[in-house]
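**Q** Here is what each chain is made of, one letter per residue.
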Amino acid sequence: MVFSGSDHRTSDFLELLQRERPELLSKFGTGVFGTTPLPDSTAASWKGQRVPTPGLMDLHDNLLEGTTILAAVYNEGIIIAGDRQATAGFQVGERRIRKVYEVDTYSAIAIAGVAGPAMEMAKLFQVQVEFYEKIEGSSLSLDGKANSLSNMVKSNLPMAMQGLVVVPIFAGYDLKRKQGKIFKYDAIGGQYEESEYYATGSGGKDAQATLKKLYSPDMPRDGALQIVAEALWDAADEDVATGGPDFIREIFPTIKVIDSTGISDIPDADVKALYTELLDRLRN
Amino acid sequence: MPAPYYVSPEQIMQEKEDFARKGIEKAKEVIVLEYRDGILMVAENPLATVFKISEIYDRIALAATGLYPDYEALRYAGIQGAEIKGFTFNREDVTARWLANQYSQQIGAIYRQPDAKPLEVEILLCEIREDVSSNNRIYHLSFDGTFWEDNEYTVIGGRADEIAGILEDQYSNDLDLNGAVRLAARTFETIEAEVDEAERYQVTAETIEAAVLDVNRNRRKFRRLLPDELSEILST
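Protein sequence lines, in the order shown, are assigned to chains H and Z. Residue numbers for the first sequence follow the working numbering, beginning at 11 and rising by one. Residue numbers for the second sequence follow the working numbering, beginning at 8 and rising by one.
Next comes chain H alone, as it looks inside the complex (with noise of 0.2 Å):
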């Protein structure tokens, strides 16, 4: 018994969605360009290196896209950040987005990728787990969580083959295993777990570069906080697109943390301390 109507029962907000209101999901079910790739459309890449459609091209110069995200195991927990910048083109589109959301105590999605289909997915992902646990009593177990957002990142293939791309990181504490864990996918929905650390965005190789000399696993908070700031640093330094720490407006990148106790944000000033004191080291 439904509102709407329909007798059919299900702890899915997706599957719900497809089914009593299919118009709020035309993005993200058969893609804005319809089903069928324009003919000349090269299934693109979110890091830079896209062929651009004839036609799509001005679209895609502005669209906003969303740069640098990661995630990092540490002893206790994990941490998951991001820059505030979305870019357009050559432009600055956006200086304070945030692309690192809570999902429910226990875990959080990064998303990069093209920033308004990214950012419905999260909104769509955070409804999907709270609608589960509300429905059925109990949380959805990690890995069940990461399947569902693999669903979601599927459903986008007609847009991700038109070179709109959305790539999330989803994050999370196992209470279970008592372990932080990442879940990293591509832009058909494939899913990967890391056990380490993982970085993706137009500046996710720079910051993986960063991470990949300076990580090590049984890390305490503080260091991984530290190496986090600093792998941010990195990405905005080389690439073009993904912002840096801004004294001036007072914008710093997103981070939290997840560990047995639940998700916390990592406040602005800590952030900017953090920043200060890394900016003084390279000084040095």
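None of these hints come from the bench; they were simulated from the model. Note that this is a predicted model, so its numbers are computed, not measured. Among the hints, a few may not be true.
[Unchecked claim] What follows is a set of in silico ranges between Cβ atoms, one per label pair, in the way DEER data are often shown: (1) 57(Z) x 283(H): 44 to 52 Å; (2) 148(H) x 97(Z): 41 to 49 Å; (3) 155(Z) x 286(H): 55 to 63 Å; (4) 164(H) x 235(Z): 36 to 44 Å; (5) 148(H) x 10(Z): 48 to 56 Å.
[Claimed, not checked] Derived coverage of chain H by chain Z (criterion: at least 3 residues anywhere in the stretch with Cβ under 8 Å from a Cβ of chain Z; other residues may be distant): (6) 26-35; (7) 143-156.
Backbone N, C-alpha and C fix where the C-beta goes; we use that ideal spot for every residue, glycine too.
Position chain Z relative to chain H; hints supplied.
**A** Frame of chain H, contents of chain Z only:
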């Protein structure tokens, strides 16, 4: 073909009402109290994982009594309707007043359907205030779809009126959480004592379920009081 018996509309509605009332008379009670930081809901319920009180949306909770499959269907419909509305517009556009109207229409429609069994339910839709300047809302819905607003304290279930009578003397509007939980427990004990004076009934964490909408929480205001916490409150 034999002609169907004529039954007057008055008689049909009277029978439906009697049927629904009989169902609810058997139902265990749920007490809802406004306390300093929000709304407390307490139900007599010995089951640990089958609930009468549940989270619907960020600031909205449902307390129900009556026939389980009936109110479970309403709970599901409420969560579903609220999430779809919040996804379409914005989370703050989902209000208990809207949801109470949806429930009222749905329950009323089933009640008036000629070949359907009326829902044997009585429900309270609770919404915590947004900030200090606004009020909590408690919508009280009956089996025929009619509804009204309650405040301070209210009770649903078979002996609702008797229990409300006890609360009338005991309730004060500056209760803290512990005080409110103990008042609800004491009230359940008093009403049981009136039935059977010989065997003293004691409320414990195992015999009740309790949850709050707490204004101090983040987006999701709903929180169940876990057995350990309940035991501690009840033992002091």
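**Q** Hints the structure violates: just list their numbers, smallest first.
**A** Of the numbered hints given earlier, the structure breaks just one, which is hint 2.
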